[in-house]
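Start from the sequences, fold in the hints, and give me the full structure.
These protein sequences, in sequence, are chains A and B. Mapped onto the working numbering, the consecutive letters of the first sequence carry residue numbers 1 to 112. Mapped onto the working numbering, the consecutive letters of the second sequence carry residue numbers 1 to 115.
FYI, nobody ran anything at the bench for these hints, they're computed from the structure. Predicted model only: the values in this text are computed from it and were never measured. Nothing false has been slipped in among the hints.
In silico DSS-like pairs for lysine-lysine, Cα to Cα no more than 30 Å straight-line:
1. B:K40 - A:K68
2. A:K42 - B:K22
3. B:K19 - A:K42
4. A:K71 - B:K40
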Amino acid sequence: GESVGLHLPTLSVQEGDNSIINCAYSNSASDYFIWYKQESGKGPQFIIDIRSNMDKRQGQRVTVLLNKTVKHLSLQIAATQPGDSAVYFCAENRGNTGKLIFGQGTTLQVKP
Amino acid sequence: ETGVTQTPRHLVMGMTNKKSLKCEQHLGHNAMYWYKQSAKKPLELMFVYNFKEQTENNSVPSRFSPECPNSSHLFLHLHTLQPEDSALYLCASSQGQGLTGTEAFFGQGTRLTVV
Numbered sequence: 001g002e003s004v005g006l007h008l009p010t011l012s013v014q015e016g017d018n019s020i021i022n023c024a025y026s027n028s029a030s031d032y033f034i035w036y037k038q039e040s041g042k043g044p045q046f047i048i049d050i051r052s053n054m055d056k057r058q059g060q061r062v063t064v065l066l067n068k069t070v071k072h073l074s075l076q077i078a079a080t081q082p083g084d085s086a087v088y089f090c091a092e093n094r095g096n097t098g099k100l101i102f103g104q105g106t107t108l109q110v111k112p
Numbered sequence: 001e002t003g004v005t006q007t008p009r010h011l012v013m014g015m016t017n018k019k020s021l022k023c024e025q026h027l028g029h030n031a032m033y034w035y036k037q038s039a040k041k042p043l044e045l046m047f048v049y050n051f052k053e054q055t056e057n058n059s060v061p062s063r064f065s066p067e068c069p070n071s072s073h074l075f076l077h078l079h080t081l082q083p084e085d086s087a088l089y090l091c092a093s094s095q096g097q098g099l100t101g102t103e104a105f106f107g108q109g110t111r112l113t114v115v
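Right, dumping it as structure tokens:
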């Protein structure tokens, strides 16, 4: 069936440490993946994306890794800051369907 | 500011009321979406419009009625809702449906409470 899942509902890290948020997806036909960040009282905000023909993409302090063999996606945040505290969602976009399927979300808590 | 504006931000309505949610995008996008976000659940896609035409209705009850008069505006008309419909309703837009690699931009959402 359709599902995009995250391994942990909550992740707590110390300020300055690196964070890794994981996501598993089930549909091997998915060809585009996005990570969103949602702060309290706001809508989801785009962080970084990756296409299925890539296995790694880097942004500013963030890296997304894609392992198509095991259908696994991860978001790495370097030197985590208090402003990174939010709920993080992975989403998959299945080509011509235009449907963006979201996972449950992982709450990232950054301890000072 | 994402370029997608939703009004109202908060809405409390009785089960016999009729209300409408509004979404406007200033990004020149052709596709618009309604999502429902309930506590402890993933975002659920409700409706998709592409070039003003509805292309997806994800088995949404008829008490939710979308309207897309043009590519920049999207409405969600609500009537005879149930308390379990209380949620955050998010509008999003993208360059075009069906284009691989097209990220969606979200509005701030309308927090709906049905009493």
